[in-house]
Amino acid sequence: MNAWTSRLSLRSNTLLVQLIVLFFILVLFSILSPYFLSVSNFMNVFNQMVEIGLIAIPMTMIIISGAMDLSVGSMLAFSAVCMGVAFEQGLNIWICVAIGLIAGMLCGALNGYLIARHRMQAIVVTIGMLVMLRGLVYVINEGRPISGFPDGFYFLGQQYIGVVPFNAIVLMIMFLLAHFFMKKTRFSTYIYGIGNNEEVVRYSGISVVRVRFILFVLSGFFSALAGVFLVSRLASAEATSGTNIELDVITATLIGGTHIFGGRGSLAGTFVGLLIIVFLRNGLNLMGVSVLYQAVILGALLLLAVGNQKFNGA
Amino acid sequence: MKRLLNMHEAPIIIFTIIVTLAFSLYSSGFFGIDNLQMILDQNISMFIVAIGMTMVILLGGIDLSVGSVLAVTATSVGLFLSHGIHPWVAALMGIGIGVLCGMVNGFFIAYVKIPDIIVTLATMYIFRGIAVGISGGTWMTNFPAGFRFFGQGTLFGLSFPLLVAIVLIAIFIYGLKFSRFGRRIYAIGGNGPAAKLAGISVAKSKFKVYVLSGLLVGIAAVIFASKVGSVQASTAGNSLAFEVMAAVLIGGGSIFGGIGTIAGTMLGVLFMGIIKNGLIISKVSPFWVDATTGFLIILAISINTLQRYRQNKGKEGDLV
Numbered sequence: 000m001n002a003w004t005s006r007l008s009l010r011s012n013t014l015l016v017q018l019i020v021l022f023f024i025l026v027l028f029s030i031l032s033p034y035f036l037s038v039s040n041f042m043n044v045f046n047q048m049v050e051i052g053l054i055a056i057p058m059t060m061i062i063i064s065g066a067m068d069l070s071v072g073s074m075l076a077f078s079a080v081c082m083g084v085a086f087e088q089g090l091n092i093w094i095c096v097a098i099g100l101i102a103g104m105l106c107g108a109l110n111g112y113l114i115a116r117h118r119m120q121a122i123v124v125t126i127g128m129l130v131m132l133r134g135l136v137y138v139i140n141e142g143r144p145i146s147g148f149p150d151g152f153y154f155l156g157q158q159y160i161g162v163v164p165f166n167a168i169v170l171m172i173m174f175l176l177a178h179f180f181m182k183k184t185r186f187s188t189y190i191y192g193i194g195n196n197e198e199v200v201r202y203s204g205i206s207v208v209r210v211r212f213i214l215f216v217l218s219g220f221f222s223a224l225a226g227v228f229l230v231s232r233l234a235s236a237e238a239t240s241g242t243n244i245e246l247d248v249i250t251a252t253l254i255g256g257t258h259i260f261g262g263r264g265s266l267a268g269t270f271v272g273l274l275i276i277v278f279l280r281n282g283l284n285l286m287g288v289s290v291l292y293q294a295v296i297l298g299a300l301l302l303l304a305v306g307n308q309k310f311n312g313a
Numbered sequence: 000m001k002r003l004l005n006m007h008e009a010p011i012i013i014f015t016i017i018v019t020l021a022f023s024l025y026s027s028g029f030f031g032i033d034n035l036q037m038i039l040d041q042n043i044s045m046f047i048v049a050i051g052m053t054m055v056i057l058l059g060g061i062d063l064s065v066g067s068v069l070a071v072t073a074t075s076v077g078l079f080l081s082h083g084i085h086p087w088v089a090a091l092m093g094i095g096i097g098v099l100c101g102m103v104n105g106f107f108i109a110y111v112k113i114p115d116i117i118v119t120l121a122t123m124y125i126f127r128g129i130a131v132g133i134s135g136g137t138w139m140t141n142f143p144a145g146f147r148f149f150g151q152g153t154l155f156g157l158s159f160p161l162l163v164a165i166v167l168i169a170i171f172i173y174g175l176k177f178s179r180f181g182r183r184i185y186a187i188g189g190n191g192p193a194a195k196l197a198g199i200s201v202a203k204s205k206f207k208v209y210v211l212s213g214l215l216v217g218i219a220a221v222i223f224a225s226k227v228g229s230v231q232a233s234t235a236g237n238s239l240a241f242e243v244m245a246a247v248l249i250g251g252g253s254i255f256g257g258i259g260t261i262a263g264t265m266l267g268v269l270f271m272g273i274i275k276n277g278l279i280i281s282k283v284s285p286f287w288v289d290a291t292t293g294f295l296i297i298l299a300i301s302i303n304t305l306q307r308y309r310q311n312k313g314k315e316g317d318l319v
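Protein sequence lines, in the order shown, are assigned to chains D and B.
If you use numbering that gives the first Met the number 0, the first sequence corresponds to residues 0 to 313, in order.
If you use numbering that gives the first Met the number 0, the second sequence corresponds to residues 0 to 319, in order.
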């Protein structure tokens, strides 16, 4: 009887399961690698997870609304390179950052226009954008890295406040804001509603087109923001930046319990999913596992997470 | 004439002619038998992979993993060959591995019922990692002379890979049009629940389609490896999935399933090949090729949606 109730509570409380998985990963790598369990390593991880984390916020909302955005990595690179090229023209760095953010939002707006207004399939449109933007990135900067930004700009990605990296604090604030947003505002109710039953939302007099459009613009904005932080952290804008980041982001979101068909999910879950992914990657890095094998493990994890959803869900 | 214009493949044929004319005017080296042969020759693997992708998209699915399956198959064939296995046996074993990859995809999609996009996104990374793992990160080269036949040999005066492609295209055009299996694919893609109620085993058909797709990618991989002569696991077939998908959509396939033909897809592949070749012959920066592929995908989905909208316009009045 006791075992039965405990299993039941585990099944109903997915957040608890995720926390147990996270704890398991932390303990496992602490045993396997002597370098894993230290403040500097943890802060390092927090510093590196910011880009994935920033993109995971709008990705969670988009998946909850029943769509998907595969073009985030290319939008990241596009805005990073736009920023770099603008800087090479001799503009002030903060104006360049603004240009990068606007470039990202424009890409997101194009996605949103095609998907929301013309009701095209999100997956195909964003795959098209993924390929096209990546190509444009190479066209714009001809494949060479852009560097030599002023010191003040590196503050964003490299500065530590006390022991905590500055960009991790930004990420935390963003997550808290977004969490509050998803719990308290009317707009978030629309997002959940669209994910559950788009028709009903439309017949309730809510503009589905506008909600979807805003979501994709948000995705563009956050991808661009992630691009800015990435350039600041690595001190160079490269054409390859953000390649394959969508795997990390989508895996983090889905491990976090967001349902692949939409309508269910939370940012708290995504945050735990994010921690699971970044600590897993960090631990595997410390043990010298190749990046490509990490992709294998992440892919398997993705299948596992979604496979489990089917049994938990409807 | 009117019947000709109403044909399913009409738009893509017109597009192809326009693009061919444009490139012919722009650069003198473009129009000619030699160049046409080269375009066909360069895109043989794509033609074969596109057959499988057409069936997958007809089902309303999507397969992002084809490039990685190609990499796994090509690397493992290289590995078999370097162990001194006979070329024909190695090729067959390679195709077997392609089938195996297709079975993995099919199992998760048809029986575990995870959405295609997620499964193939995951297996795209998984297979790529395995390919790099078994190759040890090095180039696969030094294929024996006997293996070169698959990519460069001739049979009855025609190049062997072209012959294979033609035979496969013929079989699948016939199969999709006249066999029970082919009609089932159209039925499931057109209306899944109705097909299920009509007694079609949707899961079984889906599984078979993904296995067939794996088989075709396996064949394409053998030809690819033999033709190129050196395979790098981490980059082989990197953007294949996107290009093939673009070709299917341009060829008139509907991403919602149920609409599309192999003939249209083949024209789509030819169209993509012409554009790539034309861009390079016109000495445009090679970086533009990727950007163009992406643009074509978006263009194709736009046309697709427009067609769907026009077809549904009459019915919409009844529904609302």
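Some clues are possibly wrong.
[Said to hold, decoys possible] Among the chain D residues that face chain B by a calculated CB cut under 7 Å, a handful are:
1. His117
2. Met119
3. Val123
4. Tyr137
5. Val138
6. Phe174
7. Gly287
8. Val288
9. Leu291
[As the list claims (entries may be wrong)] In the SDA-like style, the derived pairs of lysine to any residue whose C-alpha atoms are separated by at most 25 Å in a straight line are:
10. Lys112/B - His258/D
11. Lys182/D - Phe41/D
12. Lys112/B - Tyr191/D
13. Lys275/B - Ile168/D
14. Lys195/B - Tyr185/B
15. Lys275/B - Lys182/D
16. Lys226/B - Tyr185/B
Hints in this document: simulated from the structure, not taken from any laboratory.
Yeah, the Cβ is synthetic: ideal placement off N, Cα and C, and Gly gets one too.
Now the hints, each set against the structure:
1. His117: 6 Å, holds
2. Met119: This hint holds: methionine 119/D lies near chain B, its Cβ roughly 5 Å from the closest one there, short of 7 Å.
3. Val123: 5 Å, holds
4. Tyr137: 4 Å, holds
5. Val138: Cβ of valine 138/D sits 5 Å from chain B, so the hint holds.
6. Phe174: With Cβ-Cβ at 24 Å, over 7 Å, it is violated.
7. Gly287: 14 Å, violated
8. Val288: 10 Å, violated
9. Leu291: Status holds, d = 4 Å.
10. Lys112/B - His258/D: 14 Å, holds
11. Lys182/D - Phe41/D: Status violated; Cα separation ~29 Å.
12. Lys112/B - Tyr191/D: 23 Å, holds
13. Lys275/B - Ile168/D: 46 Å, violated
14. Lys195/B - Tyr185/B: 13 Å, holds
15. Lys275/B - Lys182/D: 49 Å, violated
16. Lys226/B - Tyr185/B: With Cα atoms ~34 Å apart, lysine 226/B and tyrosine 185/B exceed 25 Å; violated.
In terms of the numbered hints stated before, the structure departs from hints 6, 7, 8, 11, 13, 15 and 16, listed from lowest to highest.
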